[in-house]
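Asker: Sequence:
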Amino acid sequence: MIAELFGSMVFNDTVMRDRLPKETYRQVQRTIKNGKKLDPAAADIVANAMKDWAVEKGATHFTHWFQPMTGITAEKHDSFIEPAGDGKVIMEFSGKELVQGEPDASSFPSGGLRATFEARGYTAWDPSSYAFIKEGVLCIPTAFCSYSGEALDKKTPLLRSMEAINRQALRVLKLFGNDDVTSVRTTVGPEQEYFLIDKDIYDQRKDLIYTGRTLFGAKPPKGQELEDHYFGVIKPQVQAFMKELHEECWKLGILAKTEHNEVAPSQHELAPIFTTTNIAVDHNQLTMELMQKIARKHGMVCLLHEKPFAGVNGSGKHNNWSLSTNTGVNLLEPGDTPYENAQFLLFLCAIIKGVDEYQDLLRISVASAGNDHRLGANEAPPAIVSIFIGDELEGILRAIESETPYGAREKELMKIGVHILPKFPKDTTDRNRTSPFAFTGNRFEFRMLGSSLSLSGPNVVLNTIVAEELGQFADSLEGVSDFQGALDELIKKTIREHKRILFNGNGYDESWVKEAESRGLLNLKSTPECLPYFLHEKNVDVFTRQKVLSKAEMESRYEILMEGYCKVINIEALTMIEMGRKEMLPAVSLFSRELADTITSKHKVSPDLCCVYEEELLTRVSALLKSAYKKVGILEDAVMNAREITDVTELGKYYHDKVFVSMSELRVVIDELETITAKTYWPYPSYGHLLFGIR
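As numbered in the numbering used here, residues 21 to 715 make up the sequence shown, in order.
Fair warning: there could be bad hints in the mix.
As the list claims (entries may be wrong) - Here are the simulated DSS-like cross-link-like pairs (lysine-lysine), alpha carbons at most 25 Å apart as the crow flies:
| id | residue 1 | residue 2 |
| --- | --- | --- |
| 1 | Lys-96 | Lys-77 |
| 2 | Lys-587 | Lys-545 |
| 3 | Lys-699 | Lys-239 |
| 4 | Lys-558 | Lys-545 |
| 5 | Lys-242 | Lys-699 |
| 6 | Lys-116 | Lys-42 |
| 7 | Lys-567 | Lys-56 |
| 8 | Lys-71 | Lys-57 |
| 9 | Lys-226 | Lys-567 |
| 10 | Lys-545 | Lys-519 |
| 11 | Lys-519 | Lys-226 |
As the list claims (entries may be wrong) - Have a look at the derived ranges for each label pair, beta carbon to beta carbon:
| id | residue 1 | residue 2 | range |
| --- | --- | --- | --- |
| 12 | Tyr-649 | Glu-155 | 11 to 21 Å |
| 13 | Asp-628 | Gln-257 | 47 to 57 Å |
| 14 | Asp-59 | Lys-571 | 26 to 36 Å |
| 15 | Ala-23 | Asp-677 | 52 to 62 Å |
| 16 | Asp-59 | Arg-418 | 48 to 58 Å |
Derived by calculation from the structure, the hints in this document are not laboratory data. Predicted model only: the values in this text are computed from it and were never measured. Glycine included, C-beta positions come from ideal geometry on N, C-alpha and C.
Start from the sequences, fold in the hints, and give me the full structure.
Answerer: Given below as structure tokens:
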């Protein structure tokens with residue numbers, strides 16, 4: 021059943037082999053594997069076969085499915101119908117329509133790459149990511165660019181970065197005699213965390229509806245302290261959702277594998293099997309869309325915000341990243357021979373060097389208003405970028421650097437390309453939950469990503485910086501007379517100069533903050549603090565040198581990211597003001613009136629009746645109500661003053677330093693009021709209802 025279901029809505033290799041003429045099929049394969057342009061005649065044949073297959077599956081429309089800089093997906097549907105001239109229609113789909121589209125691009129963020137009146141944008145088919153059918157629409161994964169060729173999307177830079185790392189990795193592999201390798205690809209397996217809450221309760225929370233997170237909310241008596249939700253028995257309502265989610269994922273060829281309860285109440289996780297990076301990105305976007313649609317069918321809402329609830333775990337998206345050759349070799353897996361060990365060590369050193377030199381870019385790649393709440397607590401890594409490689413591998417690197425024996429069993433000096441690395445168990449390297457970038461045996465787990473984030477940005481950075489380092493390594497090793505000697509020196513030099521980025525300890529410990537500072541590592545705690553680093557000269561140079569992003573494209577992305585941060589904080593602030601002014605303050609005022617009326621009524625019966633509870637509570641409520649009223653006004657003023665700032669960098673800093681601070685101060689008072697206001701008066705469901713509403 022599952023075998024028949026899997027990929028049933030995908031125009032995949034099996035379908036193409038069955039439906040395309042042999043020569044056309046071979047042309048498509050060359051296009052997928054080598055980037056060869058598909059000639060118009062072949063494109064027409066593919067388009068017709070794709071249309072016939074889609075119509076047989078019940079599709080009536082097609083769309084170029086793309087990923088603009090909003091971070092979500094976009095689609096414009098066109099039907100297959102064409103007038104036949106006799107009052108009837110025929111179903112048509114041409115090669116031109118398959119290969120290129122022209123959606124109206126005027127309302128997508130461009131960061132100044134194009135003016136609003138320049139509406140033209142082009143979508144171009146990505147044949148390496150299979151077309152699929154979603155809700156009766158044939159979806160064709162595409163890149164999205166402007167009339168002048170600049171990338172307006174998330175896919176184009178990703179494809180460029182994959183070409184860059186393939187190009188540079190092949191140069192290095194040739195030095196080791198791997199002449200049979202013709203391509204190197206990065207692979208990704210993202211672990212997607214999310215919350216499920218009851219839809220009826222969700223509908224009563226304006227903050228969740230408008231912003232995706234709770235802007236107010238007192239901590240409930242029980243949170244995640246007992247750790248009884250993690251890997252616990254899955255509730256029937258959630259299990260039914262997960263079952264349908266997996267089935268819909270499988271239909272689209274998504275390799276959904278693992279499902280379980282996460283640490284926080286109502287939090288869960290889905291993890292797929294690894295696949296090629298651009299396909300993994302497409303699949304993750306589809307998975308998030310399916311989660312939200314299917315949850316509502318089961319009376320729930322899926323929250324993908326990084327920190328929907330204060331005081332419990334936030335949701336991340338762990339990006340498991342590796343490098344593989346077309347011959348089936350994982351380049352991040354230590355081998356069985358000295359030759360394989362040397363190759364592994366060189367790729368490992370390229371990653372260590374890249375992460376150290378471009379730690380700012382990695383931090384920027386996960387920056388968002390939502391993720392700022394998550395980083396640094398409740399199993400999310402801190403904002404300081406570091407690499408965990410485990411004690412055994414770090415000991416090996418230390419022995420290589422110092423040219424000393426490694427381990428009690430080793431009597432000789434560690435020599436690259438001579439000794440076989442010890443077979444350290446994979447499961448001992450995935451125990452540091454506080455590490456942003458952890459080696460887990462044959463891959464790196466980049467743990468800083470927020471749950472709603474597109475996978476594209478972080479993987480663009482990873483691919484680009486590793487491509488840069490591999491290119492530098494190839495430059496220094498190509499043509500040398502003593503390859504082994506040059507290799508030894510290069511690896512030792514890299515370890516010596518970049519070991520500061522290696523850290524196996526507790527990332528939450530305050531001592532690490534001080535130690536990281538002494539090592540010269542960056543601690544960029546907020547989005548407005550880290551984003552300006554994006555346009556530093558070294559970062560512009562690496563993207564342009566590897567032909568991943570132009571300077572203009574980088575400037576546009578900076579503008580989009582900073583503006584996005586400002587807009588999110590502005591929406592949150594306005595939501596807090598509305599909730600406070602229209603509902604919370606009036607509700608507390610009514611409660612205080614009831615207390616006052618109760619005191620008056622008691623005194624009328626008898627002046628001697630005890631009113632200590634009512635009087636003390638009224639005093640406390642009144643003081644907090646006064647404070648909340650003032651803080652709402654302060655927040656309103658802060659939002660109004662933001663309108664006077666025109667520079668986007670200064671605006672981002674202002675929203676963080678003034679508006680967000682005012683929001684935090686207002687929340688403290690309102691949350692305290694929630695704990696003492698009678699339930700009948702409080703206008704919103706509590707954290708207890710939200711986190712434990714699904715039974």
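Asker: Now tell me, hint by hint, if it's right for this structure.
Answerer: The hints, checked one at a time:
no., hint, verdict
1, Lys-96 - Lys-77, "holds, 20 Å"
2, Lys-587 - Lys-545, "holds, 19 Å"
3, Lys-699 - Lys-239, "holds, 15 Å"
4, Lys-558 - Lys-545, "holds, 21 Å"
5, Lys-242 - Lys-699, "holds, 18 Å"
6, Lys-116 - Lys-42, "holds, 21 Å"
7, Lys-567 - Lys-56, "holds, 19 Å"
8, Lys-71 - Lys-57, "holds, 21 Å"
9, Lys-226 - Lys-567, "violated, 44 Å"
10, Lys-545 - Lys-519, "holds, 23 Å"
11, Lys-519 - Lys-226, "violated, 48 Å"
12, Tyr-649 - Glu-155: 11 to 21 Å, "violated, 48 Å"
13, Asp-628 - Gln-257: 47 to 57 Å, "holds, 54 Å"
14, Asp-59 - Lys-571: 26 to 36 Å, "holds, 34 Å"
15, Ala-23 - Asp-677: 52 to 62 Å, "holds, 56 Å"
16, Asp-59 - Arg-418: 48 to 58 Å, "holds, 56 Å"
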